[in-house]
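Engineer: In case you want the letters, here they are:
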Amino acid sequence: DAKTTQPPSMDCAEGRAANLPCNHSTISGNEYVYWYRQIHSQGPQYIIHGLKNNETNEMASLIITEDRKSSTLILPHATLRDTAVYYCIVRYSGGGADGLTFGKGTHLIIQP
Amino acid sequence: GAVVSQHPSRVICKSGTSVKIECRSLDFQATTMFWYRQFPKQSLMLMATSNEGSKATYEQGVEKDKFLINHASLTLSTLTVTSAHPEDSSFYICSANGQGGTYEQYFGPGTRLTVT
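Top to bottom, those sequences are chains A and B. Take 3 as the starting number for the first sequence in the working numbering and just add one per residue. Take 121 as the starting number for the second sequence in the working numbering and just add one per residue.
One thing to keep in mind: the hints can contain errors.
Derived SDA-like pairs: lysine to any residue, alpha-carbon spacing no greater than 25 Å straight-line [claimed, not checked]:
id, chain 1, residue 1, chain 2, residue 2
1, B, K140, A, A99
2, A, K106, B, E207
3, A, K106, B, S129
4, A, K106, B, T151
5, B, K184, A, P9
6, A, K106, B, S163
7, A, K5, B, Q158
8, A, K5, B, E207
9, A, K106, B, F159
10, B, K161, A, K71
11, B, K134, A, G105
12, B, K175, A, T103
13, B, K161, B, N190
14, A, K106, B, Q162
15, B, K134, B, G173
16, B, K134, B, S193
17, B, K175, B, K161
18, A, K71, B, Q180
19, A, K106, B, V182
20, A, K106, B, S209
21, B, K184, A, K71
22, B, K184, B, D147
Here chain A is said to cover these stretches of chain B; the calculated rule only asks that three of the stretch's residues, wherever they fall, bring their Cβ under 8 Å from a Cβ of chain A [unchecked claim]:
id, stretch
23, 151-157
24, 161-174
25, 225-236
Keep in mind the hints are simulated off the structure, nothing from the lab. Keep in mind it's a predicted model, so treat the numbers as computed, not measured. Glycine is no exception: its CB is placed at the ideal position from the N, C-alpha and C atoms.
Build the full structure now, drawing on both the sequences and the hints.
Structural biologist: Dropping the structure here:
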C-alpha cells in the first residue's frame, strides 16, 4: 500500500469547516483513499473512501486531486465531538483480505 | 454501518495468567476479522488476520503461541493472550470488513488490558 503523509496536528474553531490534507504521491491506479478517525480510547470509525471522484456522505466530503497524489477530508461544520485522530490510508481495491496500515494521523482539535 | 462488539471492555489480570477477548459482528457475517494492538500515544498496529475455519495469519514479530486466535464462526473471533506479562498491557481492537465488497473496515470499541 502507498505511504501517506499527514500533518501531526490541526486546530479548528467549532462550527467552521475542518480541512484535513493528506499526501499520497506514490498511489497507484487501483488504490483507494480511505479515511478513519479515532476518538480517544475508542476503536477507529470509518468515515469515507474514494478512488478518483469526489465523494460526500453524511459525515464528510472527500476531495481527491486530479493526479490523485493528494486528498482533503472536509468536515463541513466541525463540532467538539469531532476532536479525534484522523487517519488517511491508501489501500488496494482488492485488499479485502488485508488489514489496514495506520500511520500517525492528524490530531484534530476543535476549539470552542 | 456494520456493528462490531468486543468483550470485555476492560480487564486487569495478574502476570502469568491468560486472558480471552471476544470480537463479534452483530448484524453481519465476517469471514475475515483483524486484530490490532495500540500502545499509549502510538498508532494501531495490525497483529493478525483471523479467518473463519482456518488458521490465523500473524504479522511479523507477533508470537502466534502467545496470542492465540480462534475464529470458529462467522460472527465470532477470540484472541487469547497467554501467560500475560506487563509488557502485554495495551489496547486491543478487532475489526471486520463491511459487506458488499467495498472493504471499509468496521472496528470494535476496543479492550483495555492491564497486566499487573
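Engineer: Quickly compare the C-alpha distance for K106(A) and S129(B) to 25 Å and report which way the hint goes.
Structural biologist: Holds, at about 24 Å.
Engineer: Three residues or more, CB to CB closer than 8 Å: is that satisfied between the stretch 161-174 of chain B and chain A?
Structural biologist: holds (count 5)
Engineer: Verify the coverage statement for the stretch 151-157 of chain B against chain A, using a C-beta to C-beta distance below 8 Å and requiring 3 or more qualifying residues.
Structural biologist: Answer holds; 3 residues pass the 8 Å Cβ test.
Engineer: Does the structure keep K134(B) and G105(A) at a Cα separation of 25 Å or less?
Structural biologist: violated, 32 Å
Engineer: Keeping to a limit of 25 Å between CA atoms, is the pair of K71(A) and Q180(B) held or broken?
Structural biologist: With Cα atoms ~29 Å apart, K71(A) and Q180(B) exceed 25 Å; violated.
Engineer: Does the alpha-carbon distance linking K5(A) and E207(B) stay inside the 25 Å limit?
Structural biologist: violated, 29 Å
Engineer: Between the alpha carbons of K184(B) and K71(A), is the straight-line distance 25 Å or under?
Structural biologist: violated, 37 Å
Engineer: Can the restraint linking K106(A) and Q162(B) be considered satisfied, given a maximum Cα separation of 25 Å?
Structural biologist: The given pair, whose Cα atoms are some 7 Å apart, holds under the 25 Å limit.
Engineer: Does the structure keep K161(B) and N190(B) at a Cα separation of 25 Å or less?
Structural biologist: Violated, at about 29 Å.
Engineer: Does Q158(B) lie within 25 Å of K5(A) when you go C-alpha to C-alpha?
Structural biologist: holds, 20 Å
Engineer: Measure nothing beyond the straight line between the CA atoms of K134(B) and S193(B); if it is 25 Å or shorter, mark the hint as holding.
Structural biologist: violated, 30 Å
Engineer: Counting residues of the stretch 225-236 of chain B that have a beta-carbon nearer than 8 Å to any beta-carbon of chain A, does the count reach 3?
Structural biologist: holds (count 7)
When each numbered hint is compared with the structure, violations occur for hints 4, 5, 8, 10, 11, 13, 15, 16, 17, 18, 21 and 22.
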